[in-house]
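Each protein sequence line maps, in turn, to chains A and B. If you count the first sequence from 1, position 73 lands on 73 in our numbering, and the numbers rise without skipping. If you count the second sequence from 1, position 52 lands on 52 in our numbering, and the numbers rise without skipping.
Just so you know, the hints here were simulated from the structure itself, not pulled from any lab data. Quantities reported herein were computed from a predicted structural model and do not represent experimental measurements. Each hint should be verified, as a subset may be incorrect.
The calculated label-pair distances, taken between Cβ atoms and stated as ranges, are [what the hints assert, rightly or not]:
(1) A/T238 with B/K59: 46 to 52 Å
(2) A/P118 with B/K8: 35 to 41 Å
(3) B/K59 with A/N23: 36 to 42 Å
(4) B/T27 with A/S3: 28 to 34 Å
(5) A/V214 with B/K8: 56 to 62 Å
(6) B/D16 with A/K31: 35 to 41 Å
Ideal Cβ placement from N, Cα and C applies to all residues, glycine included.
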Amino acid sequence: MQSEILFDNIIKSTLNKEVDNLNTAPGTLDKIKAGLSSEASQSKTFSNRKLVNPLLILKSGFNKPAYALLSAVLVLTLTLTFFQPARAFAQEVISEISSMVYVVVKGDSGKYEPIQMPAEKVTFGSASGEQTLLSDDELEKLVGFEIKVPSALAGGYTLDRTLLYEKDDTDKKFVSKHYSNSSSASVILDISTDDKLFNSVMDFGDNIKKLSLVDKFLYYYECPLPVYPEVNGKTDFTQKPLEIKVPHSLTWEHNGVYYNLSDVGIVSLSMDELLEVAKSILNQ
Amino acid sequence: MVDIDLIKRCQREESDAFDLLYEAYSTKALRTACLLVGNRNIAEDIIQEAFIECFKDIKKLRNPETFEVWFHRLLVRVCWRMSSKERKSVCENLDDSLTETIPCKEDVFKQVEHNQTSHVIREAINKLSSPVKTTVILYYYNNLSIKEIAQIMKCFQGTVKSRLHNGRKLLAKELRNAAIDIGWYETDYLEKECMLNAKRNSI
């Protein structure tokens with residue numbers, strides 16, 4: 001027992017002495033204060049990188065006739081990192097939206113355009129996610145389905161981080177793997193057992209193509225992803241989107257698990273490029 | 001001990017409260033970040049990012065008593081995020097400016113011995129996987145409990161215990177491998193570890 005304490009003390013002492021002389025640089029607080037004022041835009045950039053496939057976070061029970069009539073989908077994407085009562089917060093945000101909101105529709109020109117519509121005619125969905133360092137084996141135990149994906153994908157993509165998401169309207173969890181390559185291109189692989197992901201492609205996706213790869217059927221599609229301004233840290237749907245990203249995605253099912261591979265809309269990938277990446281996942 | 005009043009003042013966005021909170025937590029946070037990412041420059045960026053997020057989100061903290069766990073969680077996540085961006089830097093050693101200066105000639109021998117130990121431990125910690133390394137640092141440097149670390153890392157307490165055990169075992173192994181002139185590494189602890197392992201293997 002004494003040697004254990006001695007061993008523990010050696011580690012403690014070494015760590016303490018290692019950084020004992022380290023102090024914050026003068027002016028750091030001023031930089032932080034300056035950063036706070038410009039934080040909104042920085043935060044937005046990061047949040048955008050964390051966005052997952054909007055189809056995944058659509059609230060269940062979406063009113064299809066309303067969708068057909070209005071041809072619009074509004075997705076509330078909340079990445080509520082560090083915030084414990086994420087679900088309560090999401091509900092609070094949703095209940096606060098009581099006026100006209102902006103949604104995105106495909107205009108006559110074939111381009112996505114924002115239009116206004118009453119909030120009550122729009123279904124909001126939300127998901128909260130956090131980065132996790134759990135191994136795939138540990139994650140599998142937590143989420144209850146198989147997660148076997150490589151840490152490196154075709155196209156030079158390597159795994160940056162793994163996020164564990166909970167849909168706020170259910171207790172369902174899904175896993176999101178974020179990859180990037182040296183060309184600053186990013187892809188996100190969402191893994192879920194929620195078949196809404198697969199089925200909703202038909203309802204909400206645009207330019208859908210059914211493809212075959214490694215004995216699997218895959219669906220290629222695009223889906224607009226509006227980026228709204230933030231007010232007091234909350235997404236403001238009553239304002240016109242700052243931009244409309246158009247992620248391209250491939251989705252497929254394997255052993256009851258649904259996969260969605262998306263280019264996030266930051267650096268667009270062609271269908272062939274996405275297929276190459278998907279192939280490296282299917283061929284593992 | 002968390003100054004609850006200070007946290008509440010920060011939640012009311014009182015500017016001087018932010019200054020006091022920064023003063024109270026920044027140094028320890030910087031040192032933790034430096035141990036986690038192994039690079040002072042990145043650690044300073046992490047501190048800026050962590051406090052920006054802290055000041056921005058502190059209003060959302062419903063229970064001020066949990067500030068320390070909440071803040072450590074935030075800090076660790078920023079560290080992981082920045083480490084992902086600067087992956088190459090993660091395995092770098094701490095830079096020379098962090099090496100202690102030798103105070104006087106009489107202490108030279110002890111200093112060399114200590115630096116050797118520090119070096120081995122530092123190298124060994126850098127070899128640990130991110131979850132194990134984070135656990136070891138939060139436990140040994142930040143003196144956080146197993147329960148608090150589990151809350152910070154959002155995992156089970158058993159997982160923390162297991163990571164801590166694995167971390168100790170790996171550190172012990174590295175120290176034993178490097179213990180050329182330092183006899184006290186060959187402790188009962190290590191022998192016990194070996195016996196335990198042998199027992200486990202024989203089951």
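Hint check:
no.	hint	in the structure
1	A/T238 with B/K59: 46 to 52 Å	violated (21 Å)
2	A/P118 with B/K8: 35 to 41 Å	holds (39 Å)
3	B/K59 with A/N23: 36 to 42 Å	violated (29 Å)
4	B/T27 with A/S3: 28 to 34 Å	holds (32 Å)
5	A/V214 with B/K8: 56 to 62 Å	holds (57 Å)
6	B/D16 with A/K31: 35 to 41 Å	violated (18 Å)
Consistency note: the structure conflicts with the earlier hints numbered 1, 3 and 6.
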